[in-house]
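Student: Take the given structure of chain E and dock chain P to it, following the hints.
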Amino acid sequence: MQSSKSLKEWIVIAIPYLWLLALFLIPFIIVFKMSLSDYVVARPPYTPTINLAEGWQSIKDAFAAFDFENYVFLSEDDLYIKSYLNSLKIASISTFLTLLIGYPIAYGIARANSSLRSLLLMLVILPFWTSFLIRVYAWIGILKNEGLLNLLFLKLGITDAPIQMINTDFAVYVGIVYSYLPFMILPLYASLEKLDGSLIEAATDLGSTPTKAFWQITFPLSMPGIVAGCFLVFIPAVGEFVIPDLLGSNSTLMIGKTLWTEFFSNRDWTVASAVAVILLLFLIVPIVLFQKHQEREGANL
Amino acid sequence: MNKLSRFNITSLTLGFAFLYLPILLLILFSFNASKLVTVWGGFSTKWYVSLFQNEAFMDAAWVTIRVAAISATAATILGCFGAIVMVRGGKFYGRTLFSGMIYAPLVMPEVITGLSLLLLFVALNFDRGITTIILAHITFGMCYAAVVISSRLSTMDQSLEEAAMDLGCTPFKAFIKITAPVIAPAMVSAWLLAFTLSLDDLVIASFTSGPGATTLPMKIYSSVRLGVTPEINALSTLLIATITLGVITASWANKRAEANRIKDEQLAFAND
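Protein sequences appear in the order of chains E and P. Counted from 1, the first sequence has number 202 at position 202 by the numbering used here; the numbering is strictly sequential. Count along the second sequence from 1, add 301, and you get the number used in the numbering used here.
So here's chain E without its partners, still in its complex pose (with noise of 0.2 Å):
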């Protein structure tokens, strides 16, 4: 396309441009200001709002009353501190075991005959689509102390009593990893698939071991499909909520949760809101260097 523009060019750009500033861009700020605003018993529960209709001074009087209050709050409660630090613990370790299981399964797709490697590519991409909710709910049954993994374990004697398995640390690693996984594999797949198999041939025909070949070529070539993978999973693993909801304990501290928890039921949107800047600013290394990564290698999702 031209570089000058013609006015339905425009409208073209526009729209989904308008779209996105209006229900993604625009919300932030709002988040961001809501954070800095006190918290009232009202409805909605806070203050200061600008009233565009008192004019100028409304709006100074707002900006007057923005306080880094909430912040204050955030950095002297240590559950907020310790939320975050957890998330980021629990979420990098889901990674890397995402990443530890998702490898050979990619590996093993990628070496396939054609005909087999669509019916995996079918396999993997399936659970994708199916509910992330149920598929969440599925693990309630197999970990719970009379559940299915404890009843195997009781018949086949390797414990007496139930392990207790439901509402533990071991639940969420479970549940993130077994969720996250075809968000590892797929990107996996993609760049050892690409992988020209003779440089291996070469590499043994030159006398190095296959293991030899495989971390000194193999590996090195499917990096792009592993940062990729690493940062689909490690990004909204860190904002998870429903997995520590329903499968960790009251004690598994992680940010999304407490989000939810400072929303739903202490209905504090000012404190909410707080919290959801500081996970952005947590998040937003990551996802500014996902977005250059996806651009360089592509949109290959």
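The set of hints was computed from the structure by calculation and includes no laboratory data. There's no promise every hint is true.
What the hints assert, rightly or not - No more than 25 Å apart at the CA atoms, straight line, and that leaves these computed lysine to any residue pairs for SDA-like:
#: 1; chain 1: P; residue 1: K304; chain 2: E; residue 2: L121
#: 2; chain 1: P; residue 1: K556; chain 2: E; residue 2: L121
#: 3; chain 1: E; residue 1: K8; chain 2: P; residue 2: F473
#: 4; chain 1: E; residue 1: K5; chain 2: P; residue 2: T471
#: 5; chain 1: E; residue 1: K155; chain 2: P; residue 2: L326
#: 6; chain 1: E; residue 1: K8; chain 2: P; residue 2: S452
#: 7; chain 1: E; residue 1: K89; chain 2: P; residue 2: F319
#: 8; chain 1: E; residue 1: K8; chain 2: P; residue 2: R396
#: 9; chain 1: E; residue 1: K5; chain 2: P; residue 2: D458
#: 10; chain 1: E; residue 1: K194; chain 2: P; residue 2: K478
#: 11; chain 1: P; residue 1: K556; chain 2: E; residue 2: S114
#: 12; chain 1: P; residue 1: K347; chain 2: E; residue 2: L148
#: 13; chain 1: E; residue 1: K8; chain 2: P; residue 2: K336
#: 14; chain 1: E; residue 1: K8; chain 2: P; residue 2: C470
#: 15; chain 1: P; residue 1: K347; chain 2: E; residue 2: L121
#: 16; chain 1: E; residue 1: K292; chain 2: P; residue 2: T397
#: 17; chain 1: E; residue 1: K33; chain 2: P; residue 2: G401
#: 18; chain 1: P; residue 1: K392; chain 2: E; residue 2: L289
#: 19; chain 1: P; residue 1: K336; chain 2: E; residue 2: N167
Tutor: Chain P alone, transformed into the frame defined by chain E:
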């Protein structure tokens, strides 16, 4: 490279067992006559009967289907515009921001998206209900749609469209006649993706819904918190069956369309 080693076979078997066993067990126990999840009391479809008699579930299902159908359709159209801008838009002021706004919602934690949209609706004094859920779902749906459609659009040979315009087509007509048929399969996938994402969403719907608008995931979530019930298993099985059927049909249709296209192209070259 086509010989699978024992290591490959083991990892594939274990991997797919991990992915599928939980779902298969869930389906199996939806046909369990016993109310206890772990005791097999014989085959029964009574939980399906009691599910269909449960009006709260049926109402929620109807709300969810309407929300998903409307938002997926709008998301696909907007996503198509988004894809055209990303692939064909060239350089324009604010392009980086635009692609940022397309990619960010894909990974943005749902709690943040949900909270921010709710605050927008409150600030605008917008009555919360089905409409606000639809608006929220269109927004994240269109980003997924834009990514799916743009990956097809970027591999398309643009000279076809240029040829049509050289022969007197307006850009709009050239798009409808040439580009639209090529990206149609991607638009179908995008629609299905947006539809299932909407069908599946708990967090954003919880934030943006108002009194009287309860979606199926919200209903499932509130019953799951009270414990595992065979009715939820039955409902899950129905959802899984519907989605599986949809995905398999779509991929089959996609493959056929692709095969036809290749055949047509070969014929066209053969006639030259």
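Student: Next step is simple, just say for each hint if it's right about the structure.
Tutor: Verification of the hints:
no. : hint                : result
1   : K304(P) <-> L121(E) : 18 Å, holds
2   : K556(P) <-> L121(E) : 14 Å, holds
3   : K8(E) <-> F473(P)   : 10 Å, holds
4   : K5(E) <-> T471(P)   : 15 Å, holds
5   : K155(E) <-> L326(P) : 18 Å, holds
6   : K8(E) <-> S452(P)   : 23 Å, holds
7   : K89(E) <-> F319(P)  : 24 Å, holds
8   : K8(E) <-> R396(P)   : 17 Å, holds
9   : K5(E) <-> D458(P)   : 21 Å, holds
10  : K194(E) <-> K478(P) : 33 Å, violated
11  : K556(P) <-> S114(E) : 14 Å, holds
12  : K347(P) <-> L148(E) : 22 Å, holds
13  : K8(E) <-> K336(P)   : 62 Å, violated
14  : K8(E) <-> C470(P)   : 15 Å, holds
15  : K347(P) <-> L121(E) : 35 Å, violated
16  : K292(E) <-> T397(P) : 10 Å, holds
17  : K33(E) <-> G401(P)  : 21 Å, holds
18  : K392(P) <-> L289(E) : 21 Å, holds
19  : K336(P) <-> N167(E) : 22 Å, holds
Hint compliance for this structure: hints 10, 13, 15 are broken, all remaining hints hold.
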